[in-house]
Amino acid sequence: MRRITFALIGAVLIMMVLAASLMPQLYVLHKQMTHEQITNGSASSLLSLLNGVPKPTVCVIGSLSNPYVASMARGLSMVSVPYTVESSFPVNASCSMIVIEDDLLSLNSSYYRHEIINYLERGLPIEVVGPNAGNTLLNLIGDFISKRATVVIGEAGPNKTVIPRLPSGITAIMVAMIPSRNVSRFVTGWDIFEGLTPNNLTYAVLRSWRDYNGMLMNVNNKLYVPVSTLTLSVPRIELQSSATSMTVFIQGFTYVGYVGWYSSSVYDWFGYLAGEQWAMVKFYYAYQQSPGPYWWFLNLIQHEVEGFPTPSIGFSPCSAGEGVNAYSNTLPGQVFWGAAPTGSSSGQQTISYTLGAGPSGVYVQMTETVTQGTIGWGYSGNPSLGQDSWNWNFYNAVPDYTYTVIPSDIFMLDPSKPGGYPPLYETINFTSTFTNWLGCWTSPSPITITVDVYTNQVTVLGAST
30 MRRITFALIG
40 AVLIMMVLAA
50 SLMPQLYVLH
60 KQMTHEQITN
70 GSASSLLSLL
80 NGVPKPTVCV
90 IGSLSNPYVA
100 SMARGLSMVS
110 VPYTVESSFP
120 VNASCSMIVI
130 EDDLLSLNSS
140 YYRHEIINYL
150 ERGLPIEVVG
160 PNAGNTLLNL
170 IGDFISKRAT
180 VVIGEAGPNK
190 TVIPRLPSGI
200 TAIMVAMIPS
210 RNVSRFVTGW
220 DIFEGLTPNN
230 LTYAVLRSWR
240 DYNGMLMNVN
250 NKLYVPVSTL
260 TLSVPRIELQ
270 SSATSMTVFI
280 QGFTYVGYVG
290 WYSSSVYDWF
300 GYLAGEQWAM
310 VKFYYAYQQS
320 PGPYWWFLNL
330 IQHEVEGFPT
340 PSIGFSPCSA
350 GEGVNAYSNT
360 LPGQVFWGAA
370 PTGSSSGQQT
380 ISYTLGAGPS
390 GVYVQMTETV
400 TQGTIGWGYS
410 GNPSLGQDSW
420 NWNFYNAVPD
430 YTYTVIPSDI
440 FMLDPSKPGG
450 YPPLYETINF
460 TSTFTNWLGC
470 WTSPSPITIT
480 VDVYTNQVTV
490 LGAST
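Using the numbering used here, the letters of the sequence shown correspond one by one to residues 30 to 494.
Hints were generated in silico from the structure; no laboratory data involved. Check the hints yourself; a few may be wrong.
[Said to hold, decoys possible] The following label-pair restraints were derived from C-beta to C-beta distances:
no.	residue 1	residue 2	range
1	SER77	LEU490	49 to 59 Å
2	LYS176	ASP481	35 to 45 Å
3	THR398	SER493	26 to 36 Å
Computed from a predicted model, the values in this text were never measured in an experiment. Where a beta carbon is used, it is the ideal one built from N, C-alpha and C, also for glycine.
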């Protein structure tokens, strides 16, 4: 049994050439091919894979009667990695990683194809396990990978082509895509395990998770300049999706960390996916010793919504909302400083703002251009309670387009008052609705995240979707 990381022996050179010619402007993560005997399924070997990476929440699509799933459940329990086992994709779950039995993918191929592509486009790693995992996955989404991935998975074919086909002994395959949204293709990585037995599945899943986190780190290092070195003269960070394109520029703040993506979904009357929302928050801080000391914490909130066509009717985004509560009434040292955008507007194609903190030259700039339809918003806040909220309306929105909004707010910690030392304690809520011919009422469950934001990390105290 062997593991092949991000490559197959016969296709690696061709895939590198294809990736370079298709996407010369992107860094393509591509490690050297390695072989590894996986024979140790002990708790110590599994825990070693979690060193330096966050624990995932593994959502398993399958049944505990399947030997691969049963073995994985035992192994994940042994190292206290949270997991769920369901017969279909979870409607409301905060999954870090999706694992699917290969024999399910042929039962309702159109459903599984749509859901897998949806998760891949969100940047979530997908792992398929079973006796014929490799070809089962490629048969389902091989054309999508060939069109949207930076590196094509398969065997070497004639005339420098890659055939989307794998050896029959591939019993586990993980694919992950990084949504670089200003391009048409996604930076892609994968782990392929050949000859994997059910008893070794937990090791393979956690190894894939570790490799995925390494992929994120390498891509971020290549594509983005560290925040501390950003000046007005360097390229700005680009965030782009199908229906909106955005430029976000951070000056003077120090990056703390992020939470997300979290998601929740809504289905039509017949069980088809109708709408989905995703939430992420990035946290930054600035410090001033004199006068002070004071700390300013920036919430950079990213909220995305997408409606989908279903056999019954097409659903499109109608509204989105975000709310922040820093509990200033009980923690007066957590002082509301500012938010953006404020006021209200309707039918805008361009939205821009600059929001600054106390120290000179510390601010965030955001500019958004809506490429499909228009967006309006309304802002409300209660500084004495440490609360603010945004409500967005989408005009002429259409299915199959992702709409993104990025509001921001800043809270200052004043140590002369109770609660005025880090961490910043706050709760952030996300809601959305989707419209059809019956009106704007179809809504997934809210996403709620409660966090402690320190100067060097963010801790999730609770999350619900």
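Review point. So which hints don't hold here, by number, going up?
Key: Violated hint: only 1; rest satisfied.
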